[in-house]
Amino acid sequence: MTDTTDTRSHMPLGLAQRGYTGVIQHLAAKEAGSALSDVELESRLIELGFVEGARVEILHEGLVGRDPIAVRVDSTTIAVRRREAMAIIVA
Amino acid sequence: MEAPLLHLALVGTPNSGKTSLFNALTGSRQKVANYPGVTVERKEGFFVTPLGRQVSVVDLPGTYSLRGRSPDEEITRDFVLGKASGETLPDLVLCVADSTNLRLTIRLLLELKRTGRPMILVLNMFDIASRRGITVDVKRLAKELGVPVVTSIAVRKGGTADLLKLTDEISAALAAEPVENSWRALGVSELRATQREADRIIADCVSLPARPDTWTARIDAIVLHPVGGLIVLALILFVMFQAVFAWAQPAMELLKSGFDSLGELVQATLPDGLLQSFLQNGVISGVGSVIVFLPQIILIFLFILLLEDFGYMARAAFLMDRIMGGAGLHGRAFIPLLSSFACAIPGIMATRVIDNKRDRLTTILIAPLMTCSARIPVYTLIISAFIPARDVWGFINLQGLVMFGLYAAGIISALLVSFVIKFFMLRDFVPAPFMLELPDYKMPRLKSIVIGIYTRAKMFLQRAGTTIFSMMVLIWFLASFPQPPAGATGPAIEFSLAAMIGKALEPLLAPVGFNWQIAVALIPGMAAREVAVAALGTVYAIEGGSEAVEQIGQVLATKWSLATALSMLAWYIFAPQCASTLAVIRRETGSWAWMGATFAYMLVLAYAASLVTYNVAVALGAG
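Heads up: the protein sequence lines correspond to chains A and B, in order.
By the UniProt record's numbering, the letter at position 46 of the first sequence is numbered 46, and the numbering carries on one by one without gaps.
By the UniProt record's numbering, the letter at position 11 of the second sequence is numbered 11, and the numbering carries on one by one without gaps.
Derived by calculation from the structure, the hints in this document are not laboratory data.
Keep in mind that the hints are not guaranteed to be accurate.
Derived DEER-like restraints, expressed as beta-carbon distance ranges [said to hold, decoys possible]:
1) A:G65 <-> B:W393: 53 to 63 angstroms
2) A:A28 <-> B:L398: 30 to 40 angstroms
3) B:W592 <-> A:T21: 21 to 31 angstroms
4) B:E180 <-> A:R55: 32 to 42 angstroms
5) B:V48 <-> A:G19: 46 to 56 angstroms
6) A:A28 <-> B:A583: 40 to 50 angstroms
7) A:Q17 <-> B:A408: 52 to 62 angstroms
8) A:A28 <-> B:F419: 25 to 35 angstroms
9) B:G228 <-> A:S37: 31 to 41 angstroms
10) A:G33 <-> B:L611: 41 to 51 angstroms
11) B:T214 <-> A:G33: 33 to 43 angstroms
12) B:L262 <-> A:G65: 50 to 60 angstroms
13) A:G65 <-> B:V473: 52 to 62 angstroms
Facing chain B, from chain A, some residues (calculated, C-beta under 7 angstroms) [to be verified]:
14) E47
15) D74
16) I78
17) A79
18) M86
19) I89
By construction, the Cβ of each residue, glycine as well, lies at the ideal position given by its N, Cα and C atoms.
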């Protein structure tokens with residue numbers, strides 16, 4: 001399912017590897033299965049700068065389950081768990 | 001005519017350098033208190049503008065928006081809207097931005113503008129931005145935002161001159177007619193729209209170099225490495241605890257000999273009698289035995305403040321998130337738990353950064369298991385009296401090893417308790433999200449470190465001067481009265497109230513190897529743990545006469561068995577915590593039941609641990 005070719009199909013940031021760079025396409029809070037409500041998760045992601053068009057890069061991963069991830073979002077670095085990063089659709 | 005006090009409020013995202021600007025503006029003219037009803041720290045400071053206007057400035061908790069999703073953020077929102085009880089609406093809001101990272105602050109500012117409060121955007125850390133090749137068209141930014149913009153370098157002398165000048169200009173021209181507040185909570189689409197607007201303005205006014213901060217990237221390559229990062233974290237913690245015990249020694253010896261000679265002076269100058277006994281045994285040996293630990297407390301806060309200001313704490317949370325998740329803890333709990341090594345009170349207060357209620361409650365319940373600095377006196381005293389200072393395996397100091405073991409026991413039991421809580425109470429739950437900004441590294445500034453340590457040292461000394469002092473007076477009184485009848489034999493203390501209380505409790509504590517003197521010391525130990533040491537000192541001093549005052553440790557070594565000493569150490573790993581910790585738990589959880597639960601479970605653990613330790617030690621022949 002996960003397409004790693006150069007077609008850059010849309011995928012959740014939560015599945016991306018370290019070193020991945022891409023651009024946020026849209027937010028899909030419903031897909032994440034987070035403990036937060038959809039609206040709350042989406043609001044928080046926006047407040048931390050995850051909006052459509054922002055450039056993201058995965059800089060670091062944690063030890064256990066490669067989780068959480070440190071994501072460069074334009075000029076900021078944000079740590080999130082992969083579960084919440086599933087709501088960020090990138091390409 | 002004297003102009004009225006001008007009220008400023010500092011608002012900004014976390015890590016925007018708000019606090020260093022606050023320190024730069026006010027220096028040591030700060031007042032730290034709590035907002036009524038909540039334990040959010042309220043920091044107010046004062047300064048005078050170049051034109052002589054008296055200004056009060058409040059450093060509000062950092063926030064990314066005015067939605068108010070935690071008690072901290074609610075304070076910020078209510079304060080800016082003038083809804084915080086007992087607070088004046090600020091005359092001027094200073095929105096503080098990290099110049100190297102404007103996106104999130106500009107969005108916040110666009111939201112703040114709707115409140116109609118007069119505002120200045122302060123581009124802080126402007127020197128770092130310039131050095132990194134970021135240029136800001138300040139005039140255009142001000143025009144686009146419709147808000148005056150000023151640059152500042154909080155950490156440099158004179159770096160706030162422009163801000164002060166602008167404050168004067170604006171306060172002179174503050175409009176009499178207030179602008180309507182049109183703020184209301186933003187929906188998702190409005191949030192998105194303001195972030196887009198912010199990004200557009202930044203694209204127009206700020207030119208960013210392609211490369212991010214190279215130093216931060218280089219350090220993070222090591223510090224956030226999945227394996228290397230954990231090794232670095234372990235090393236930092238190891239150095240920290242070594243330092244607290246090794247480096248503090250000379251200063252502690254100095255303080256100790258100072259109090260000893262003061263005691264001798266009192267003994268030499270005053271005639272034998274109650275006053276001499278009160279000053280020497282009650283005041284000097286009691287309070288002195290606690291103040292001796294000031295160097296260690298300063299050192300542990302020095303480390304915590306340095307790591308915080310450097311920007312490492314967020315990284316530690318990142319590294320520990322999943323590891324702590326295994327025990328049912330949130331990554332953000334790492335910082336409160338680490339602070340709890342200094343004192344559980346700031347630790348429990350720091351749990352406010354955990355926005356999920358259950359995660360926060362679990363962290364509050366286990367925070368007192370972290371070995372706080374108030375336990376150091378008790379541990380040090382008993383270890384130095386009973387554990388030989390020899391090396392094992394050639395290079396590890398046995399005393400240090402025991403100390404390390406006590407810390408480890410605290411941490412392991414905290415993880416176990418957390419695991420049990422997760423297992424029984426919160427079985428089927430999706431872990432709360434972990435979302436945290438990892439700020440660029442910054443060189444910690446001497447001034448803010450000094451101010452931070454100064455406030456904490458002051459709090460410690462105030463406690464020594466009030467709580468601990470009054471407990472010592474009480475202990476001295478209980479241990480001295482009633483006086484033995486004329487012609488009585490045996491130590492005077494045998495006839496005192498303290499002996500009566502201690503002996504009444506003795507049957508309860510006998511199974512864990514505690515004698516009545518320990519029972520007497522444990523009661524005031526509830527007010528503040530370190531008082532137990534002072535209380536033991538007083539009890540044995542009065543019992544043994546004045547020549548025994550100086551070396552509590554030596555006295556203990558002759559009066560206690562090794563099993564009793566080990567049992568006492570085990571007791572203090574769990575030691576039912578001090579009254580102030582319980583009070584903070586009551587306030588933070590808003591519940592007497594949780595406070596009671598914490599007290600009860602720790603008391604049970606302490607008793608069980610001591611019981612096992614004592615009996616095993618006796619069985620092994622240490623009785």
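Each hint, compared with the structure:
1. A:G65 <-> B:W393: 53 to 63 angstroms: 36 angstroms, violated
2. A:A28 <-> B:L398: 30 to 40 angstroms: 58 angstroms, violated
3. B:W592 <-> A:T21: 21 to 31 angstroms: 53 angstroms, violated
4. B:E180 <-> A:R55: 32 to 42 angstroms: Hint holds: Cβ distance 38 angstroms, inside 32 to 42 angstroms.
5. B:V48 <-> A:G19: 46 to 56 angstroms: Taking Cβ atoms as reference, V48 (chain B) and G19 (chain A) lie about 53 angstroms apart, which means the hint holds.
6. A:A28 <-> B:A583: 40 to 50 angstroms: Since A28 (chain A) and A583 (chain B) have Cβ atoms about 45 angstroms apart, the given range 40 to 50 angstroms holds.
7. A:Q17 <-> B:A408: 52 to 62 angstroms: 36 angstroms, violated
8. A:A28 <-> B:F419: 25 to 35 angstroms: 33 angstroms, holds
9. B:G228 <-> A:S37: 31 to 41 angstroms: With a Cβ separation near 37 angstroms, G228 (chain B) and S37 (chain A) satisfy 31 to 41 angstroms, so the hint holds.
10. A:G33 <-> B:L611: 41 to 51 angstroms: Given range 41 to 51 angstroms: holds, Cβ gap about 46 angstroms.
11. B:T214 <-> A:G33: 33 to 43 angstroms: 37 angstroms, holds
12. B:L262 <-> A:G65: 50 to 60 angstroms: 59 angstroms, holds
13. A:G65 <-> B:V473: 52 to 62 angstroms: For V473 (chain B) against G65 (chain A), whose Cβ atoms are near 56 angstroms apart, the range 52 to 62 angstroms holds.
14. E47: 4 angstroms, holds
15. D74: 6 angstroms, holds
16. I78: 6 angstroms, holds
17. A79: 5 angstroms, holds
18. M86: 11 angstroms, violated
19. I89: 14 angstroms, violated
Violated hints for the displayed structure, listed by number in ascending order: 1, 2, 3, 7, 18, 19.
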